[in-house]
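Enquirer: Numbering follows the working numbering, in which position 181 of the sequence shown is assigned residue number 181; successive positions increment by one, without gaps.
It is worth saying that the hints were derived from the structure and are not from the lab. For every residue, glycine included, the Cβ atom is placed at its ideal position computed from N, Cα and C. Among the hints, erroneous ones may be present.
Pair by pair, the computed Cβ-Cβ distance ranges are [unchecked claim]:
1) Gly204 to Glu47: 18 to 26 Å
2) Ala39 to Ser107: 38 to 46 Å
3) Pro179 to Tyr93: 32 to 40 Å
4) Glu133 to Gln95: 16 to 24 Å
5) Arg96 to Thr37: 19 to 27 Å
6) Arg211 to Ile142: 13 to 21 Å
7) Tyr93 to Gly201: 22 to 30 Å
Computed list of lysine to any residue pairs in SDA-like fashion (alpha-carbon distance at most 20 Å, straight line) [claimed, not checked]:
8) Lys84 to Thr164
9) Lys229 to Glu56
10) Lys84 to Pro119
11) Lys71 to Thr108
12) Lys84 to Glu56
13) Lys226 to Gly204
14) Lys229 to Pro119
15) Lys229 to Asp79
16) Lys71 to Ser107
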Amino acid sequence: MTTIGFIGSGNIGSTVARLAVRAGYDVVMSNSRGPETLADLVAELGEHARAATAEEAAAAGDLAVATVPLKSLHDIPVDALRGKVVIDTINYYPQRDGQVAELDRESTTTSELVQRHLPGSKVVKCFNNIYFEFIERLARPIDDPDRSVLPIAGDDTEAKDEVTRVLDAIGFAAYDVGPLSEGWRFQRDTAAYAGLYVAEGETGWPPRNARRVDVPLLQERLAAAKRYKDM
Numbered sequence: 001m002t003t004i005g006f007i008g009s010g011n012i013g014s015t016v017a018r019l020a021v022r023a024g025y026d027v028v029m030s031n032s033r034g035p036e037t038l039a040d041l042v043a044e045l046g047e048h049a050r051a052a053t054a055e056e057a058a059a060a061g062d063l064a065v066a067t068v069p070l071k072s073l074h075d076i077p078v079d080a081l082r083g084k085v086v087i088d089t090i091n092y093y094p095q096r097d098g099q100v101a102e103l104d105r106e107s108t109t110t111s112e113l114v115q116r117h118l119p120g121s122k123v124v125k126c127f128n129n130i131y132f133e134f135i136e137r138l139a140r141p142i143d144d145p146d147r148s149v150l151p152i153a154g155d156d157t158e159a160k161d162e163v164t165r166v167l168d169a170i171g172f173a174a175y176d177v178g179p180l181s182e183g184w185r186f187q188r189d190t191a192a193y194a195g196l197y198v199a200e201g202e203t204g205w206p207p208r209n210a211r212r213v214d215v216p217l218l219q220e221r222l223a224a225a226k227r228y229k230d231m
């Protein structure tokens, strides 16, 4: 049994945890407000879930999911995640996170900042480009022809293989975009960002209807990605 530690238990974290428990994983949930505030979520997730501090969740996990606002990056435990694979779901929203000069001039990416903060960990970018409700709605078994693909990026091949296995278990195929530096191709407001999984014809937000995304469609959108300065 593999245990996944969640650093952050918001919309994405709780949704991925729900799928992970269904797939047979144990999960340890944490947030910035303390384990006692997660009682309802843990009760919903069932006997394979417990609440803890961020440090405890990081230490308990064989693998971790970092799903906090970028402005809270330095709250992610460092030593407890050393040697572990960390799935990074973080996006940069200047109106929430404040301006980050390196990201504004596009000299780095959010996941590279996460990797810099976690030098002893193996960071893999995933789950950042899909509306959280669609994570659960689009999850399908391995042999389902309607299964969707999610992009991943990372600098360590074995770490990406491990994340691919987790995605397989919870209901998605993985598409390797390359190193963390290529993660910009599915960051905020690019062609492969959240709208990719929204059914055609939808105009409002939050969206109501999801669509399956296969490899050719994802490849098309990744290839169409533009840097912010070129938009």
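Enquirer: When the hints from earlier in the document are held up against this structure, which numbers fail?
Expert: 1, 3, 9, 13, 14 and 15
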